[in-house]
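*Asks:* Here is what each chain is made of, one letter per residue.
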Amino acid sequence: MLTREPEHFPPSVNTVGRMGRTVLFSLRRTGQAVILLILAIINIRYALTKRAQREIVIQMFASGIRSLGVITVVAFFTGMILALQTGIALREFNQEVNIGTAVMVSMLREMGPFMTGLILAAAVGSSIAAQIGTMTISEEIAALELMGIDPVRFLVMPRLVAMMIMTPLLAFYTSIIGILGGGIVGITQLGVPWVKYMQNATMYAETKDLYVGLLKAFIFGIIITIVACKQGFDTTQGAVGVGLGTRQSVITSFLLILISGYFITRLFY
Amino acid sequence: MNAVSFQNVSKTLGGKVILNDVSFDIKKGDVFVIVGPSGAGKSVSLKHMVRLMTPDKGNVMVGNDNVSTAAGNELTLIRRKFGYLFQGGALLAWMTIAENVALPLREHTDLDDCTIMDKVHDTLKMVGLENDTEKLPANISGGMIKRAGLARAIIESPEIILYDEPTSGLDPVTSRHIDKLIVSLRAEMNGTSIVVTHDLHSALSIGTRIAMLYHGDIVELATPEDFINSTDQEVKEFLAAQYITRRGAWERK
Ligand SMILES: Nc1ncnc2c1ncn2[C@@H]1O[C@H](COP(=O)(O)OP(=O)(O)OP(=O)(O)O)[C@@H](O)[C@H]1O
Ligand SMILES: [Mg+2]
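Chain order of the listed sequences is A and B.
Going by the working numbering, the letters in the first sequence line up with residues 1 to 269, in that order.
Going by the working numbering, the letters in the second sequence line up with residues 1 to 253, in that order.
The set of hints was computed from the structure by calculation and includes no laboratory data.
These figures come from a predicted structure and were not determined experimentally.
Okay, the calculated bits of chain B under chain A, using three or more residues with CB under 8 Å as the criterion:
{"id": "1", "stretch": "50-56"}
{"id": "2", "stretch": "81-90"}
{"id": "3", "stretch": "104-113"}
Partial pick of chain A residues on the chain B-facing surface, computed with a CB cut under 10 Å:
{"id": "4", "residue": "Glu5"}
{"id": "5", "residue": "Arg51"}
{"id": "6", "residue": "Gln131"}
{"id": "7", "residue": "Thr134"}
{"id": "8", "residue": "Ile141"}
{"id": "9", "residue": "Ala143"}
{"id": "10", "residue": "Leu144"}
{"id": "11", "residue": "Glu145"}
{"id": "12", "residue": "Leu146"}
{"id": "13", "residue": "Ile149"}
Quick reminder that beta carbons are idealized off the backbone N, C-alpha and C, glycines included.
Just chain A, same shape as in the assembly (with noise of 0.2 Å):
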């Protein structure tokens, strides 16, 4: 049951208990948000029936192409960053040519979907929170959930699986577009060809590097779409409620690409 009812408690104390509290609630908000991730992996075996797919298509549509515009802005400048920043310092030891290893290496397994995954997270699930967050404090959770339909595998569930496949798409996208920018900058600032660039680029990277981003990216795509769901699901207070619990889906969903990037990285190396 999503339909929770407001709870109400008396005011804590002192700071003990306030902080206690503070806790326990995000303990508990925790838990709930990954019974919320069991029950929608759970729910993707309806993924395939026609009105599911279509779902699927329409939030993919959303959740990608609708941010395509604003990542391939991004993933060129940072590529550009990457090769000007990296190559100023090469150039000291006549390595400017390496720049190529350093921009694809580092885009494809940090900047690509680290940068899709913080973008997502701003554009797609800011949307998501703020979508089902209305749609909580208006009772259409509730009128879901007395008709029978469970809005995990009405909602949630198509949300995550366009996430899944759209996230890791878009930042192999961003790391493509993210070498271009670094091979135009090797080319017009740094005096490294385009061919020679792209040889370098290519001889060190290692297919390795790129499942690593692909995972990554995945991972994010899925705690973008639980983080906003629950925050969505958690609504209360009428619009207010909604404003509050979109900037804090977005707050989280930041905090927790950080984190869990960092801890896949170190993994892998």
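Based on these hints, arrange chain B with the ligands on the given structure of chain A.
*Replies:* Positioned in the frame of chain A, the structure of chain B with the ligands alone reads:
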């Protein structure tokens, strides 16, 4: 046979006592009307019947099942007996009116698209929305949303229909039309209707029994005739506020 009964139900929300040891029975076939001032706990009472809320104390029975402790499949089965018109309509914003109304059928039946759409159009016609089927909820008026919500609540011909203010925000002519619809639906399906309303005119004309909720208590529960003649101070005030006199006639002071 009781369709729904409240047994010593108490509920506190946000530190405020909303229902205080409330007990009443709704018989099968009743059009049970709940009136009372804004914030009295009318919507909260309806939510207890489908376990969108759970009592702090006491039980809510639906037939022979205790809905307050039901969970999982049992709860799903109990809920399937109900149609619920939410106070705000609760339509899904991205679906057209027709799709919204079709949703329960699509989820619960294997009917083909044509049959479903026929039924949807019939139901929308009953509530007078046959010309707005392809509009989105954002593009129709509040009263129309209400009627679409009503269509969705009744499309599966449930045993018990809960109406949360079915006529609020509607013009008098449409209101009377909805009143008639509620009565005829009950006759047709031999079900039970539970209606929350501020509209005394419709309460008196459609209700078989009327309950007045005030400060967490049922202060009056009577047939419409007895309700008008109630000696309870709150009921008198409530009636007087809408110009209904002891004779039940409309009369301006
Ligand atoms: N989710 C909630 N959290 C806290 N308090 C609530 C909640 N829902 C209802 N209440 C409180 O319960 C009381 C009764 O609410 P309810 O919605 O049942 O009123 P109502 O009788 O339906 O009034 P109206 O005619 O205005 O719809 C109100 O005072 C409200 O403040
Ligand atoms: Mg109400």
